[in-house]
Amino acid sequence: MSKLILTVDDSASMRMLLKTSLTAQGYRIESANDGQHGLERMDEVKPDLLITDINMPKMDGFELIEAVRARHEFRGTPILVLSTEFSDEKKARARSAGATGWITKPFEATKLGAAIRRVCP
Amino acid sequence: MSDELDEIQAIFFEECTEGLTTAEQGLSAMQAGDVSAETIAGVFRAVHSIKGGAGAFGHADLTAFAHKFENVLDEVRAGKIAPTPGVVKVMLSSFDVLSDHVETAKGLAPRPNDAAALAALEKVLADKGAADESGAAPAPAPAPVIEAAPAPAVAEDEFGFTPVAFSLDDFDAPAAPAADAASWTIRFKPSRAALANASEPMLLIRELETLGATIESVDVSDVPPLRDLDPEDAYFTWVLSMPGDVPRNDIDDCFDFVAPDSLIEITRNEVEAPAPAFIPVPVIEATAPEAALEDLIPFVPVMATIEDLTAQVQQVVADLAATPMTPTPAPAPVESAAPKPASEASQTIRVDLAKLDLLLNLVGELVIRNSILADRLSPADRQRVELPELARLTRQIQDNVMSLRAQPIKQAFSRVPRMLRDLSAETGKQIELETVGETTEVDKGVIEKIGDPLTHMIRNAADHGLESTEERLAAGKSPVGTIKLSAEQKGARIFVRVQDNGRGINRERVKAKAIEKGIISPDAVLSNEEIDQLICAPGFSTAETISNISGRGVGMDVVRSNVEALGGRVEIHSVPGEGTTFTMILPLTLAILDGMIVRLASQRFVLPLAHVLETVQPEPGQVKRTSPDTEVIDMRGEYVPVKRATEIFGLNDDRLVEDSLVVIVESEHGKVGLVVDTIDDRREVVIKSLDQNLHPIRGLGGATILGDGSIALILDIEALVASTSRYTPKGLAA
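Top line first, the protein sequences correspond to chains A and B.
Take -17 as the starting number for the first sequence in our numbering and just add one per residue.
Take 5 as the starting number for the second sequence in our numbering and just add one per residue.
Simulated from the structure, these hints should not be mistaken for lab results.
Keep in mind the model is a prediction, meaning the values are calculated, not measured.
The C-beta atom is built at its ideal place from N, Cα and C for all residues, glycine as well.
One should not assume that every hint holds.
What the hints assert, rightly or not - DEER-style ranges, computed between Cβ atoms:
#: 1; chain 1: A; residue 1: THR5; chain 2: B; residue 2: GLU438; range: 36 to 44 Å
#: 2; chain 1: B; residue 1: ARG272; chain 2: A; residue 2: GLY58; range: 51 to 59 Å
#: 3; chain 1: A; residue 1: THR5; chain 2: B; residue 2: VAL222; range: 23 to 31 Å
#: 4; chain 1: A; residue 1: THR5; chain 2: B; residue 2: PRO483; range: 39 to 47 Å
#: 5; chain 1: A; residue 1: LYS93; chain 2: B; residue 2: THR21; range: 41 to 49 Å
#: 6; chain 1: B; residue 1: GLY90; chain 2: A; residue 2: THR5; range: 47 to 55 Å
#: 7; chain 1: B; residue 1: ASP249; chain 2: A; residue 2: THR92; range: 41 to 49 Å
#: 8; chain 1: A; residue 1: LYS93; chain 2: B; residue 2: THR88; range: 25 to 33 Å
#: 9; chain 1: A; residue 1: THR92; chain 2: B; residue 2: THR443; range: 41 to 49 Å
#: 10; chain 1: A; residue 1: GLU90; chain 2: B; residue 2: LEU366; range: 22 to 30 Å
#: 11; chain 1: B; residue 1: GLU274; chain 2: A; residue 2: GLU90; range: 26 to 34 Å
#: 12; chain 1: B; residue 1: ALA113; chain 2: A; residue 2: GLY58; range: 49 to 57 Å
#: 13; chain 1: A; residue 1: LYS93; chain 2: B; residue 2: GLN400; range: 50 to 58 Å
#: 14; chain 1: B; residue 1: ALA358; chain 2: A; residue 2: GLY58; range: 23 to 31 Å
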């Protein structure tokens, strides 16, 4: 069974772009449109990897990561941040929240694939 | 794949439109003094999303501009730049340029000149910098308060990562070629923190192996005795060797996110001076963080020194001691903070419009079958088979399906603020916009078609309606003119109003002009309302000078014809000295028409009610023949040409006009009296397009199915009246 990835992004085009790109690389994709929805979807689909945006309405990416990490069953689940931001401050925040890796938008399919392989077997 | 991307891009452009609307509303709110964190964050997110998508689809100019704009917004969001009126003004004009960039990305406009806006944004950023320096600058603490441990934040800053803005150029650029025999030596020890974040060192090493790395050795000297071994900590240090032709950046990419926490040493071994295998000489490369952020200089990550590592270890230990072993507290209760209905992203799905149209068409059929059924049953049967209940349900389904096509009119209004800012700049008038009822929902087709009329009405109000500042002051009015844009639903109609508080219509001048242009006769007696309506007469323009704004060769007559083409009408109400209100009265939907069922030469037709002015039973002598081919009807002194069905469609009609009814209809091309046998009914009809089955027929706008199952053609009044004025009846009948 191929790996299941949950993508959380408030932009529909970004979700579709991720889905197109990752499906082509053999992953199964589920998605959610904000942090809160993402947290609900985590429980439902229990993905092998979470890829989340940072700036989202309702619950942002940092809060989502913290909430996911706080759950025992997701302690070992890799979490990648996918954001246009790249400041060290934001990355440090993501790390302390519990993120495993960071991909800067716009992403290139092969680099995204490599970043995923680095955290998710 | 390419099609798929185009499709996603189309969605991205839709999101841009939504984002721009959100941003504009937020900025307008900020202009009005609402500088709440929520409002600012909304604007930031909108611009940020546009930037993200633009990058993904390779719109470099849009990305670059959005980036600069976002920088300012981010500083405002962080409270580092105060949202003063001046700053908000810069943001509003940046917003306009951003909108232009989006149009450019869509391929609809040439690249905008954004130099001025960029400079203004730069200045806002620079001024903030200046303020920081003059004020109490957050200078780095000269000595750390906690002894022995340098502040971890410093370590974070200095050991940040590559801010690689993704671009294909990165891959095209040739990597610095290295001597064949050169190689990299990599020492890597993951941190406990990295493991806690689900980093798996083996995966990282595997990724390095795909680049060509081989494991030289594994240093296990840190592994403690079994009883001290913490299964959640990392003890191994891997030493790998990598061929020298692998670009340094590729190696750094692998370590990107784990670098600050972990021990990573990358050293280059040239052929001349091979480094010792096990004790590489660390080369520390430091980069100033601010330079790295701004300049997009290829940024070379640095390696952790032993001191930093020690500091981090101490910090981790301190953190552990300080934190009770409980799960991270749940995030702040976002829900209760501000449960705004607007931001409650309702669950939505995107549906192909064609599917909705098909559904609407089918429901239309259902409505028709329903009335056929009702016609065929006796009144007693109707009650018995619960037909009323069926009719009610059908009606509900129809309403609901139509509401699926409905969209907030906000979309049509969204262009207005920008337009008014431009108009204000062009005319030097101060204009304030007030918007009411943006959430009123209208059929998508209607929204798409009222853009142009609305634009024209707004331009007209700003240019002709509102006075100059001096005139206003002289008249004892506020120097700021107001344009109120409102929408409301009444029954099956939507009222869209553009109301200005300007000078009102100068009726004397309008009338004089209309006489001069031959639109009315010099002795015509007109009511105030009729004079006001002259503004919409074809070829009418009262602007004393042809201005750049509304004097573009098209006038309010185009507004009227556009609105009438939608089955609506325009009303004008003006009070001298107080202002003018233009009202577009539009149907809620384009799929259903309010019609008058008439008989022409024994056949039934539907006359769109929006065009009907009145019906008359002609008195003897009221209809006059002015030439062998032309008849007119005398309507209180105004002569209206009369059209017969015979002439229009070549039907057999030998009735006398006096035995018939004349329906006076009005269109852009003037009034016409249509001779009809009888008027049967007034009802809403479901419009069925004929386009797919027949070539366009002049004078027919479609067909409908009546309650008895028979078909009635819908008359296209515009085309009919236009024919009257442009062609001889004989030519038409042919």
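| Outcome for the supplied range 49 to 57 Å, where the beta carbon pair is ALA113(B) and GLY58(A) | 50 Å, holds
query = How does the Cβ-Cβ distance of THR92(A) and THR443(B) compare with 41 to 49 Å: does it lie in that range?
reply = 45 Å, holds
inquiry  = Just to be sure I understand the hint, the distance between the Cβ atoms of GLY90(B) and THR5(A) should be within 47 to 55 Å; is that true here?
reply    = For GLY90(B) and THR5(A) the Cβ distance comes to about 48 Å; the hint holds.
- Message: Holds or violated: the 51 to 59 Å window for the beta-carbon distance between ARG272(B) and GLY58(A)?
- Response: Roughly 35 Å apart at Cβ, these two residues miss the hinted range, so it is violated.
CB-CB spacing for GLU90(A) and GLU274(B) relative to the 26 to 34 Å hint
With a Cβ separation near 31 Å, GLU274(B) and GLU90(A) satisfy 26 to 34 Å, so the hint holds.
Quiz prompt | Status of the given 23 to 31 Å range, CB of VAL222(B) versus CB of THR5(A) | solution = For THR5(A) and VAL222(B) the Cβ distance comes to about 37 Å; the hint is violated.
- Per the hint of 23 to 31 Å, is the separation of the Cβ atoms of ALA358(B) and GLY58(A) within bounds? 46 Å, violated
### Message
A range of 39 to 47 Å was offered for this pair. Does it hold for the Cβ distance of THR5(A) and PRO483(B)?
### Response
60 Å, violated
C-beta pair LYS93(A), GLN400(B): status relative to the range 50 to 58 Å that was hinted: 52 Å, holds
Could you see if the CB distance from THR5(A) to GLU438(B) stays within 36 to 44 Å? Since the Cβ atoms of THR5(A) and GLU438(B) sit about 48 Å apart, the hinted range of 36 to 44 Å is violated.
Requested in this report: Starting from the hint 25 to 33 Å, judge whether the C-beta atoms of LYS93(A) and THR88(B) obey it.
Outcome: 41 Å, violated
- Look at the Cβ atoms of LYS93(A) and THR21(B) and judge whether their distance stays inside 41 to 49 Å. 30 Å, violated
The structure shown violates the earlier hints numbered 1, 2, 3, 4, 5, 7, 8, 10 and 14.
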